[in-house]
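Following the hints, complete the assembly by docking chain B with the ligands onto the known chain D.
Residue numbers (our numbering), protein chains in the order written: chain D, 1 to 341; chain B, 1 to 239.
If you are wondering where the hints come from, they were derived from the structure by calculation, not from laboratory data.
Do not rely on the hints blindly, as some may be mistaken.
Residues from chain D that face chain B, not an exhaustive set, calculated with beta carbons under 7 angstroms [unchecked claim]:
hint, residue
1, Val210
2, Val212
3, Ala332
Derived coverage of chain B by chain D (criterion: at least 3 residues anywhere in the stretch with Cβ under 8 angstroms from a Cβ of chain D; other residues may be distant) [claimed, not checked]:
hint, stretch
4, 64 to 78
5, 111 to 121
If you're wondering where the values come from, they're calculated on a predicted model, not measured in any experiment.
The beta-carbon is built from N, C-alpha and C at its ideal position, and this holds for glycine as well.
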Amino acid sequence: MRKMLLPVLLLLAVILLAALPVIGSRALVQDLFMVLCLLVLALNWNMLAGFAGLVSVGQQAFVGIGAYGMFACVILWGMDPLAGLLIGGLVAMALSVPVAFFTFRLNGAYFAIGTWAVADIARLGISQWKALGGGTGTALPKAAVQEMPGIEAIRALIGGSKAAAVDALTYWLALALVMAMLVASWAFLRSRMGLGLQAVRDNPVAARSVGVDPVRLKALVFLLTAFGTGICGGLLFIQIGRISPDAAFSLLDWTAFVIFIVVIGGIGTLPGPVVGVLVFYGLQRLLADYGTVYLIVLGLIGIAIMLFARRGLWGGFIERTGWDLLPLSHAAPRPITPTDP
Amino acid sequence: MAILSLRDVSKRFGALTVAEAVSFDLAPGEALGIIGPNGAGKSTLFNLITGNLRPDKGSVSLDGRDITAETPMQRCASGIGRSFQIPQPFGHLSVYENLLVAARFGGGISAAEAPDYCMDLLRRTGLAALADRQAGGLPLLNRKRLELARAMATRPRVILLDEIAGGLTDAECGELVATIRDIHAEGTAILWIEHVLHALTAVVTRLMVLNFGRVLMIGVPDQVMAAPEVREIYLGIEA
Ligand SMILES: Nc1ncnc2c1ncn2[C@@H]1O[C@H](COP(=O)(O)OP(=O)(O)O)[C@@H](O)[C@H]1O
Ligand SMILES: [Mg+2]
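Same shape as in the complex, but just chain D (with noise of 0.2 angstroms):
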């Protein structure tokens, strides 16, 4: 009984969550919406460090190509921005493929130093790229916001102006995409290929004579998880409307911060992103007043997880307890004993 209680509590939560264009603030949808968004990067993040052993602090490269391909596509092509989030997030898995043709030959903090080389690099040459705004960056149409399908009915639905009726289906969008994220990531780690990775992370050298490749594998989740991060950045460039090269490539704002959620959370757990975001969210609003103090509390928290909770606060609770709420393992087939009839 005690075990349908946290599922329980949490599909309370998602309805409310669902509910809360409706029946919140404005303010309050904008807040989330950022909230979602560093979640949907964390769960990614968690995917590639947590369970691929890929300690990438380049993910912003794939914000930022995300964001600026959805940009692209609005801008000058004249397409809905809706299209041009799912083309975002393609044109960022493509470019992934180099990418991990040329930091998969970097192992450990080379690796991790090799990925965030690449995203400057993708920030410099974005910046030479004049029809959108070159290194100031532009705006993305309103008209064009405005006009994305289903606008008029969330009007109706919420009451609001146009511009709510984009915070809200933005924000739909981002909770959506949590959502898929934490489905398509179960489903992955429990599959063959989830498990091939689990061995792969325990001792790579036996994986690899049980017959897994493990590289083969890692950019699988390089791949995929370029294009959920991509998606993401997309979206949170829908939101907040312009764009510019430091703001989309940002490594505080998409890694730091998200590599700080999945530290406190819990790496390699699935539940971990989202215990990490909550915290982070209530500090943010704790220390919102702080200016840079927040940051030094942030940094020291982390680096107090590090040294004292390495597996973060939902790894401890699985210790703690021996109950998790997202299980990876495959139990053994039980004997069908015969039963008296």
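Same frame as chain D, now just chain B with the ligands:
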């Protein structure tokens, strides 16, 4: 035709020669034992056969096909399974999942068939009751059993066993030998490194002696063990 053959395989680590022109054939279904002092290059030879190491010279063939350039994954898929001298379990996975990975990847067994296949192997190796236990927490005997079971889960035609009976009590060793005999009886070819001679000779029909990376002798066990040069280097007994 030999299932596995090595031709002039040589490997050096810097100045240290660990394999020097090693050549031998393993017939389908044959069991060949490998003995030699510590540091002779026995485990290295396994790594050369499985592709964990590449030879400097020479070739490794499976069914007459040169596999010297293939990865360990490819060789596993073509039918070479192995155990490690120091057990290498997937520590955070369960015993059952350790086999499941091997069956699904190396063994190419479908999702529908893999569970029964793995449970059957766990029963045969005496691990069934521990199926859901985390592999990282197992004591030595069960780690050795797991090495054997996991190698078998890749459905090998040749299985390489590296000191799988080392460090076990006589009773434990006897059980393991019985299982290995069964595996051999089903037609799997075996290459087995072991210091526990009576375990080895209970299964193998030929012995190969390695010393300083060289094949000192190959032959039937009695003959090999009686040879003065083998007694001298291997048993440390003056002939
Ligand atoms: N990767 C390596 N690099 C350098 N030396 C190694 C390596 N692996 C093994 N050796 C050395 O090669 C020799 C043979 O080792 P090994 O094949 O493990 O011997 P054994 O016959 O006891 O299994 C030893 O002296 C060992 O120290
Ligand atoms: Mg050895």
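So, going through the hints one by one against the coordinates:
1. Against a cut-off of 7 angstroms between C-beta atoms, the interface hint on valine 210 of chain D holds, since the closest Cβ of chain B lies about 4 angstroms away.
2. Because the beta carbon of valine 212 of chain D sits about 5 angstroms from the nearest beta carbon in chain B, less than 7 angstroms, this interface hint is met.
3. Annotation: interface hint on alanine 332 of chain D holds; nearest CB of chain B at approximately 4 angstroms, less than 7 angstroms.
4. Only residues whose C-beta sits within less than 8 angstroms of a C-beta in chain D count toward coverage, and the stretch 64 to 78 of chain B has 5 of them, enough to reach three; the restraint holds.
5. A stretch counts as covered by a chain when three or more of its residues have a beta carbon under 8 angstroms from one of that chain; for the stretch 111 to 121 of chain B and chain D the count is 5, and the coverage holds.
Every hint, counting from the list given before, is met by this structure.
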